[in-house]
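Colleague: Taking the hints into account, I'd like the entire structure generated from these sequences.
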Amino acid sequence: MEKTIQHNSNKVIIAENLTKKFGNFKAVDKISFEVERGEIFGFLGANGAGKTTAMRMLCGLSIPTGGKGLVAGYDIGTQTELVKKNIGYMSQKFSLYDDLKVWENIELFGGIYGMTDQEIKEKTDKLMHVLDFESERNKLVGSLPLGFKQKLAFSVSIFHNPQVVFLDEPTGGVDPITRRQFWELIYDATSRGITVFVTTHYMDEAEYCNRVSVMVDGKIEALDSPKNLKKQFNANSMDEVFQQLARKAKRVDS
Amino acid sequence: MDKKNIQSESAISCKSINKKYDTIEALKGVNFEVDRGEIFGIIGPDGAGKTTLFRILTTLILADSGTASVDGFDVVTDYKEIRKRVGYMPGKFSLYQDLTVEENLNFFATVFNTTIEENYELIKDIYQQIEPFKNRRAGKLSGGMKQKLALSCALIHKPSVLFLDEPTTGVDPVSRKEFWGMLKNLKTQGITILVSTPYMDEASLCDRIALIQNGQFLKIDTPKNIVSQYENKLWAVQSDNMYKLLNDLRANELTSNCFAFGDKHHVSVSSEQLSINSLKEILDKSGHTNIEIREIEPTIEDCFMQLSQK
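Protein sequence lines correspond, in order, to chains P and R.
So the first sequence is residues 1 to 254, counted in the numbering used here.
So the second sequence is residues 1 to 310, counted in the numbering used here.
These are calculated hints, taken from the structure and not from any lab test.
Note that the structure is a prediction, hence the values are computed from the model and not measured.
From the three backbone atoms N, C-alpha and C, an ideal C-beta is built for every residue, glycine too.
You may find that some hints are simply not true.
Derived pair list, reagent style DSS-like, types lysine-lysine, alpha-carbon separation capped at 30 Å [to be verified]: (1) R:124 / P:227; (2) P:230 / R:264; (3) R:92 / P:250; (4) P:230 / P:250; (5) R:244 / P:11; (6) P:248 / R:146; (7) P:248 / R:264; (8) P:219 / P:93; (9) P:21 / R:146; (10) P:126 / P:93; (11) P:250 / R:140; (12) P:227 / R:80; (13) P:227 / R:285; (14) R:140 / P:84; (15) P:250 / R:146; (16) R:264 / R:224; (17) R:134 / P:250; (18) R:124 / P:250; (19) R:244 / P:231; (20) P:85 / P:230; (21) P:68 / P:101; (22) R:158 / R:80.
Pulled from the structure, derived: some chain P residues nowhere near chain R, Cβ distances all over 10 Å [unchecked claim]: (23) 89; (24) 100; (25) 111; (26) 113; (27) 117; (28) 118; (29) 119; (30) 127; (31) 178; (32) 185; (33) 203.
Modeller: Structural data, given as structure tokens:
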């Protein structure tokens, strides 16, 4: 009989020997980890290590070929629609529609996630106020500066109050001040109980995570708090930890 | 024979370059010179005007006003000469996805009336890493391999000036280090390199840098000089509760500004009234534990933030 994972309400993500094979190529090779509610979990790895494939499985967009995973309490192999309903997602490459206005983007995404018109309206007012965006409400998203856009995109990704939000390189190319404001929004979201799963190529941002995993050749090679990882690898920064681990990679990125 | 005495001029020269798109001022009076054989970095966030500047210098678009020259040739009147002499790697992967690695390289060599064999020495170190995949279509390559192929194609005609527009964006820290190693090698061959990046930590790998924001250069100098010109003292501060620490430090009237930097906060202090010990006492009183404060040398990112807030 297939072993089932016990659902635990404090664990928002559970992966057990999660695997994805494309032919003979093991993009993700038996990774296991758990993410606690309200945690900021950094998911690091070199290009081609298997991060994107793993993230796609956790978002219900790709079915694992082996192992098990629960996200927000739902099985990523069999309950993908329920998984999608209970998560938020944002990446640098795709976030909002440039040719829709700020309020139209919010209404679109709120509607997709099944929020009522009343709910959307009330929350939009609140959000515009919190972000100090009131004068931008009727502007096309394409006309906003990138930093603005990324902050809005993050707020939209958690607009439906998901249990966990997946952020795929959310701050690439953003100026240093906005990048830090963005992280302050992340802290604020976690203080409201939202779990954050984030990939980044900025190693200083890895330090802001509660725990960090580093993927090498499809496997998780290290997983701990930044402080413990630095101790374990006798390093001064997460950049040094990453350099030590990623240099072990044997496979040419796929 | 060359039309000009190329030894006596800078590799790139820009005077009062302006460019507008509708109402958006992409470049506002940009001036700079790049010496021959220099690695010159244009450092700034997305939307600062980096790509517009690269397109003007590679003769793909025209500036609204101002003059610019590359390798001694004017970007407007001598654009054909410039195109023969420069290599350009755009930010967006622009090779033929349905041609193989080798076919792409061959194509670019042929366009510039040369062959892979003729300039193989120049690209050898880079191309050898992707040569095992030379029959694979470019569209099927990984990010890192695409980057190496694009660089090989930009180099195959032995350009005198190489333009690299955000070659390391979205690339992991290990591959980024490797890429900068390749640039160092190219420099020894006498090629001038103009490279843009949003990663401030790459600034120290350039001979000189220009910090750019909103279409304007904030500063042009060597990374070392920019760091030494930082105004105020800079302290790195840690305690057990970093989020509360950030808010407490910002609330203090004697600090100019405070930003998170990895596992520490960087606090800029202009006031002579505040000493490390007095700040320690203040934080101790607001309940912080395991407080550590020490004076540090600013990073380029600290300098960028200070300059951009002026």
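Colleague: State for each hint whether it applies.
Modeller: Hint check:
1. The hinted pair formed by residue 124 of chain R and residue 227 of chain P fails the criterion: a straight-line CA distance of about 41 Å is larger than 30 Å.
2. For the suggested pair residue 230 of chain P and residue 264 of chain R, the alpha carbons sit about 14 Å apart, so the restraint of at most 30 Å is met.
3. Proximity of residue 92 of chain R to residue 250 of chain P is assessed by CA-CA distance (about 27 Å); at most 30 Å being required, the pair is judged to hold.
4. Distance restraint check for residue 230 of chain P and residue 250 of chain P: the Cα-Cα separation of roughly 23 Å lies within the 30 Å cut-off, and the hinted pair is therefore satisfied.
5. For the suggested pair residue 244 of chain R and residue 11 of chain P, the alpha carbons sit about 26 Å apart, so the restraint of at most 30 Å is met.
6. A threshold of 30 Å between alpha carbons decides the hint, and for residue 248 of chain P with residue 146 of chain R the separation of about 21 Å falls inside it, so the pair holds.
7. About 28 Å separates the Cα atoms of residue 248 of chain P and residue 264 of chain R, which keeps this hinted pair within 30 Å; it holds.
8. Of the supplied pair hints, the one linking residue 219 of chain P and residue 93 of chain P holds, its CA atoms being roughly 25 Å apart against a limit of 30 Å.
9. A C-alpha spacing of about 23 Å is found between residue 21 of chain P and residue 146 of chain R, which places the hinted pair at or below 30 Å, so the restraint holds.
10. The hinted pair formed by residue 126 of chain P and residue 93 of chain P meets the criterion: a straight-line CA distance of about 27 Å does not exceed 30 Å.
11. Simply put, residue 250 of chain P and residue 140 of chain R have alpha-carbon atoms about 19 Å apart, close enough for the 30 Å limit, and the pair holds.
12. In summary, the hint linking residue 227 of chain P to residue 80 of chain R is not supported, as the alpha carbons are separated by about 56 Å, beyond the 30 Å threshold.
13. Of the supplied pair hints, the one linking residue 227 of chain P and residue 285 of chain R holds, its CA atoms being roughly 26 Å apart against a limit of 30 Å.
14. Only pairs whose Cα atoms come within 30 Å are accepted, and residue 140 of chain R paired with residue 84 of chain P is accepted, the gap being roughly 29 Å.
15. A distance of roughly 18 Å separates the Cα atoms of residue 250 of chain P and residue 146 of chain R; the hinted pair therefore holds under the 30 Å criterion.
16. A C-alpha spacing of about 22 Å is found between residue 264 of chain R and residue 224 of chain R, which places the hinted pair at or below 30 Å, so the restraint holds.
17. For the proposed pair residue 134 of chain R and residue 250 of chain P, the alpha carbon gap of about 20 Å is at most 30 Å, so the pair holds.
18. For the suggested pair residue 124 of chain R and residue 250 of chain P, the alpha carbons sit about 22 Å apart, so the restraint of at most 30 Å is met.
19. Taking the CA atoms of residue 244 of chain R and residue 231 of chain P, the gap is about 24 Å. The hint holds against a cut of 30 Å.
20. Between residue 85 of chain P and residue 230 of chain P, the direct Cα distance comes to roughly 37 Å. Violation of the 30 Å bound is thereby established for this hinted pair.
21. Taken as a hint, the residue 68 of chain P and residue 101 of chain P pair is broken in the structure, with Cα atoms around 40 Å apart against an allowance of 30 Å.
22. The straight-line distance between the Cα atoms of residue 158 of chain R and residue 80 of chain R is roughly 16 Å, inside the 30 Å bound, and the hint therefore holds.
23. The claim that residue 89 of chain P is not at the interface with chain R holds, since no C-beta of that chain comes within 10 Å of its own (minimum 18 Å).
24. The Cβ of residue 100 of chain P lies farther than 10 Å from every Cβ of chain R, with a closest approach of about 19 Å, so its non-interface assignment holds.
25. The non-interface label for residue 111 of chain P is consistent with chain R: the shortest C-beta to C-beta separation is roughly 29 Å, beyond 10 Å.
26. For residue 113 of chain P, the shortest C-beta to C-beta distance to chain R comes to about 28 Å, beyond the 10 Å cut-off, and the non-interface label holds.
27. Against chain R, the non-interface label of residue 117 of chain P holds: every CB pair exceeds 10 Å, the least being about 34 Å.
28. For residue 118 of chain P, the condition that its CB be more than 10 Å from all CB atoms of chain R holds, with the nearest at approximately 34 Å.
29. Distance check for residue 119 of chain P against chain R: the nearest CB is about 29 Å away, which clears 10 Å, and the non-interface claim stands.
30. Taking the minimum C-beta to C-beta distance to chain R, about 22 Å, the non-interface status of residue 127 of chain P holds against the 10 Å cut.
31. Taking the minimum C-beta to C-beta distance to chain R, about 8 Å, the non-interface status of residue 178 of chain P is violated against the 10 Å cut.
32. Under the 10 Å C-beta cut-off, the non-interface status given to residue 185 of chain P relative to chain R holds; the minimum distance is some 13 Å.
33. With a cut of 10 Å on Cβ distances, residue 203 of chain P falls inside the contact zone with chain R, its closest approach being about 6 Å.
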